[in-house]
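K.L.:
Counting in my numbering, the sequence shown runs from 6 upward without gaps.
Rather than coming from a laboratory, the hints here were simulated on the basis of the structure.
Just so we're clear, the structure is a prediction, and the values are computed from it rather than from any experiment.
Incorrect hints may have been included.
Ranges of calculated distance between the beta carbons of each label pair, as one might list FRET restraints [to be verified]:
hint : residue 1 : residue 2 : range
1    : Asn7      : Gly40     : 16 to 22 Å
2    : Glu8      : Thr59     : 33 to 39 Å
3    : Gln44     : His16     : 19 to 25 Å
For glycine and all other residues, C-beta sits at the position ideal for the given N, C-alpha and C.
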Amino acid sequence: KNEYTVVIVTHNMQQAARCSDYTAYMYLGDLIEFGPTEQMFFKPQRKETEDYITGRFG
6 KNEYTVVIVT
16 HNMQQAARCS
26 DYTAYMYLGD
36 LIEFGPTEQM
46 FFKPQRKETE
56 DYITGRFG
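I would like the entire structure built from these sequences, with the hints used as guidance.
P.N.:
Laid out in structure tokens, this is it:
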């Protein structure tokens, strides 16, 4: 884990939360938010991120 980086692209929020230490939310090629997975899922900094994770958008 300390020697490798694995990038996973998914639309499955459960999968992203389960297997990642950090998460990025991108929309139309723009990086909207990046941070620790726990923060992204439980206290996102951007409304767009919260709306996507909670299913209000997308």
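K.L.:
Determine for every hint whether it applies to the structure shown.
P.N.:
Hint check:
1. Asparagine 7 and glycine 40 have their C-beta atoms about 20 Å apart, which keeps the hinted 16 to 22 Å range intact.
2. Separation of glutamate 8 from threonine 59 is about 35 Å and conforms to the stated range, judged on CB atoms against 33 to 39 Å.
3. A hinted range of 19 to 25 Å holds for the C-beta pair glutamine 44 and histidine 16, which are about 20 Å apart.
When held up to the earlier numbered hints, the structure conflicts with none and fits them all.
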